[in-house]
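**Q** Take the sequences, apply the hints, and build the full model.
There are 2 protein chains.
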Amino acid sequence: MARCDDSEPEVIEQHPEEDTEDKPAPVSPSDPEGPSGSQSSHRLLAYSDALISIIATVMILPVAHTPVESYEVLSLQVLLSTKIGVYLMTFLIVSMAWAAHSRLFQVVVRIDDYLALFNLVCMMLITFLPYTFSLMAAFPEHVLGILLFCGCVMVIGLVQTVMVLYAFSRPHLLHPQLQDRPDLSHYQHHILRVILRVPLMCLLASVTAAVCFQLSYVLLAIVIFLPYISAARCGSGAGSWAGGGVPEELLLYSFLPHEPLSKERLEAFSDGVYAIVATLLILDICEDNVPDPSLVSQRFNGSLVLALRSYGPEYLAYFGSFATVGLLWFVHHSLFLHVTKVTRLMGLLNTFSLAFVGGLPLAYQLTHEFPTHSQNELEAIQISCIIIFFAGLFQLCIWVVALHHQQECLLPRVRYGGSEHLLMLAKLSLYPCVALGTFLLTCVLSQFSAPIFHLMELTVPLAFLLLRLLLRLLLALLRLLLLQLPSSEEGSTLLYTAVDS
Amino acid sequence: MARCDDSEPEVIEQHPEEDTEDKPAPVSPSDPEGPSGSQSSHRLLAYSDALISIIATVMILPVAHTPVESYEVLSLQVLLSTKIGVYLMTFLIVSMAWAAHSRLFQVVVRIDDYLALFNLVCMMLITFLPYTFSLMAAFPEHVLGILLFCGCVMVIGLVQTVMVLYAFSRPHLLHPQLQDRPDLSHYQHHILRVILRVPLMCLLASVTAAVCFQLSYVLLAIVIFLPYISAARCGSGAGSWAGGGVPEELLLYSFLPHEPLSKERLEAFSDGVYAIVATLLILDICEDNVPDPSLVSQRFNGSLVLALRSYGPEYLAYFGSFATVGLLWFVHHSLFLHVTKVTRLMGLLNTFSLAFVGGLPLAYQLTHEFPTHSQNELEAIQISCIIIFFAGLFQLCIWVVALHHQQECLLPRVRYGGSEHLLMLAKLSLYPCVALGTFLLTCVLSQFSAPIFHLMELTVPLAFLLLRLLLRLLLALLRLLLLQLPSSEEGSTLLYTAVDS
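Which chain is which? The protein sequence lines are R and Z, in order.
Taking the numbering used here, the leading residue of the first sequence gets 134, the next gets one more, and so forth.
Taking the numbering used here, the leading residue of the second sequence gets 134, the next gets one more, and so forth.
What the hints contain is simulated information worked out from the structure, not anything from laboratory work.
Relax, there's no trap hidden among the hints.
You can't tell identical chains apart in this list, so a pair holds if it fits in one copy or across any two.
Below, simulated SDA-like cross-link-like pairs (lysine to any residue); rule was C-alpha separation at most 25 Å, straight line:
#, residue 1, residue 2
1, Lys396, Leu555
2, Lys396, Ala233
3, Lys474, Ala249
4, Lys396, Ala249
5, Lys396, Leu470
6, Lys396, Ser562
7, Lys474, Asp246
8, Lys474, Tyr320
9, Lys474, Phe358
10, Lys396, Leu536
Quick caveat: nothing in here was measured; it's all calculated off a predicted structure.
**A** Have a look at this one:
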């Protein structure tokens with residue numbers, strides 16, 4: 134039976150359109166079974182993606198479960214912003230670990246039992262990263278927090294080193310393109326250097342922590358953020374460097390120059406994050422909101438309806454956040470259906486978008502928790518709008534970046550002038566526009582903020598259902614307006630035919 | 134870029150080895166884009182699997198978070214067994230919903246925007262099923278619980294009906310084999326009848342609930358369990374019916390006679406369950422076990438090490454459960470790597486295995502929570518052993534069933550006499566044997582139950598690493614023993630060569 138990684142051979146190649154049939158490939162990565170019990174890595178990666186996406190969003194739970202009532206306003210704001218900061222940082226750290234894992238398995242495309250077991254060890258340590266980081270954040274002046282975090286990162290690095298050494302000693306596990314390269318050992322050294330840089334920095338940080346812990350935080354910040362900065366630079370400059378030689382510095386954080394991310398893994402990771410975020414609130418509801426039978430008979434005279442009615446806000450928050458997260462997933466899905474290559478900058482923007490999506494359930498919960506017409510409610514609604522706005526905006530940015538290199542990155546039908554270009558633009562800009570509009574409306578009509586917000590929650594799913602129709606109406610209107618000016622008739626015809634197919 | 138569902142065209146076919154190139158296929162399901170904006174359904178299914186696997190395990194949370202200290206022994210046992218019962222039932226219900234979803238998308242192999250949005254509605258309702266069921270379980274005599282549960286199921290059925298009607302009105306969304314069938318409308322009626330049976334039964338149950346709620350529970354039990362019984366019968370009888378005509382009753386719960394489950398989706402669902410179960414405890418640790426700075430300075434004289442030491446049992450429980458769940462995933466992965474076709478009985482056994490895996494973190498948590506040498510600790514350890522035993526045993530059963538139809542279901546190298554037959558047997562029987570052994574040992578040496586259990590936790594990962602070596606040693610021993618009896622020499626040579634390759 135054909136296995137499911139046909140896209141992998143193209144991952145490392147610079148020209149996906151190139152004909153690859155003339156190259157001899159000893160074992161295709163898509164065979165379920167190769168020599169000496171080597172296996173397709175597809176399921177291992179799917180399981181790893183599921184684990185990492187759950188762990189990336191784990192620190193939103195302490196934020197969501199902060200008892201809002203038991204603090205004063207000022208201390209609550211400090212507490213919440215600390216927790217949100219920890220959430221965002223752990224999300225970035227785990228995403229970095231995911232990117233490193235993804236990079237490793239672009240080189241090692243087949244696995245065997247030992248690699249699978251080593252990978253489980255690696256996963257166990259990655260799932261522990263958020264906890265060690267939150268310890269570090271809670272006790273910034275204790276050396277122990279830094280030591281634990283650095284220790285975790287160092288052991289992950291060592292396990293990955295062992296995996297690389299093991300895989301290079303059995304070349305049939307490597308990417309087919311690499312197996313024939315004469316400079317295999319040189320390449321192995323390069324990869325080991327890239328992998329070991331992070332643990333070495335952490336070792337340095339944990340040593341300096343004994344002397345001056347501020348310095349070790351600077352070192353850790355470099356470890357955490359440099360890959361992101363490098364990704365952004367790499368992505369923004371991809372066009373200009375495509376022709377000539379590759380600068381040495383680009384190779385610092387990647388195994389191959391201009392290596393794209395694995396689209397399949399990016400989708401799997403995003404799916405995991407969207408799924409866990411969409412169900413965050415129902416997890417709480419299932420746990421806390423099944424009323425106690427004795428309580429119902431005491432307080433509600435045995436009326437289950439009354440008891441459940443008191444949970445109304447929780448249900449509303451759940452349905453609202455599920456619908457919003459689901460529709461953001463739908464937009465993401467529609468976009469990546471037409472993406473053929475994912476640059477590192479696109480991956481970075483995707484991470485930012487996901488980080489905001491993770492905050493959505495919390496914001497919705499707050500929205501429905503406060504008494505109506507209170508200042509708190511207004512603020513919660515505005516925060517929800519801001520989160521939706523940024524989550525949607527970063528998705529839009531992915532598309533803008535992809536359009537910049539549309540020949541490599543996008544399918545023809547969504548490129549400029551393609552038959553679905555405008556539809557895609559409408560899908561991607563619907564949420565940012567609506568969120569911005571709602572935000573501005575609630576600023577002006579603060580009395581009606583809750584009805585406005587609920588109206589938005591109701592109309593957006595409908596808008597997605599009727600998007601093609603709405604778009605056609607809008608374009609017909611535009612055409613009518615433009616027809617008044619005969620000079621631009623040609624342009625409007627183009628617009629009209631664009632959505633007509 | 135090639136998409137990722139090459140295995141799907143084979144899902145419905147009865148003979149995967151058959152050459153399919155002579156059949157005209159208007160649109161291959163693996164194209165990312167077809168006519169009129171139809172899309173590959175791969176990612177939609179991956180997202181749905183992730184959502185459903187999270188929801189299937191959700192009701193273990195109330196079990197895990199029951200405050201053990203605040204109840205007396207007897208009432209605690211009653212409370213826990215009720216909650217565990219609710220967990221098992223919701224797991225089966227959600228698995229049934231997953232199977233129905235999987236069946237639907239074996240017929241509808243391509244999607245468009247509308248189907249994706251309908252599917253999100255369907256998912257939202259499925260994620261609400263566990264809550265309505267637990268309401269029903271908490272208030273068995275209230276009509277409202279039954280009504281909510283039945284209402285949920287009915288709306289899911291209606292949405293699926295709409296999806297079927299929509300897909301059959303656009304035949305390019307259907308499986309290529311169906312598109313050319315002359316009796317398409319007959320087939321559509323058959324599918325609608327299968328789908329609508331469940332909502333109709335629920336309607337009947339909610340009507341009878343007003344008269345006699347016991348009767349409505351009987352009806353619901355039939356709705357929930359009949360598919361499982363039918364699956365078991367279908368699986369056990371698959372051999373005898375393969376030749377002749379297909380009995381009408383088999384078609385009651387399936388769209389196609391002897392339809393196998395989609396292996397890809399079964400793997401995705403299992404991966405999701407294993408991933409969420411493996412991380413259940415770290416979610417709690419991240420939320421509850423970051424000590425409060427003020428508490429540390431008060432109670433532990435500012436010593437973070439002492440504060441963290443008090444959480445020792447939680448860490449141990451996490452590492453233990455992560456390793457066990459991870460290794461059970463590893464066994465599952467190894468098994469399904471060699472499975473070519475999944476019968477419905479195998480899917481049923483897989484569901485049972487997953488249901489036990491879901492209870493593991495809880496058992497491990499209890500194991501490390503009680504004081505050493507207490508009766509509670511012994512019981513918790515024995516329960517852990519029983520859960521591991523059954524989780525492993527059902528995995529072994531999957532293999533036994535697959536061996537029964539090994540020509541269709543397994544790759545040659547794990548069939549009887551295949552080069553990895555014994556290795557697979559060793560992998561699958563390691564956990565059941567070790568768990569049984571530990572259980573028996575703790576019965577005899579109840580004083581040393583905790584050390585025995587920890588020893589097991591440590592040795593099993595090592596045993597998996599050294600499994601090939603251990604197996605070869607064992608066989609060498611066997612060979613030595615058997616060589617004493619010259620008549621069986623041939624058999625022992627066979628054994629020896631079996632693992633030597």
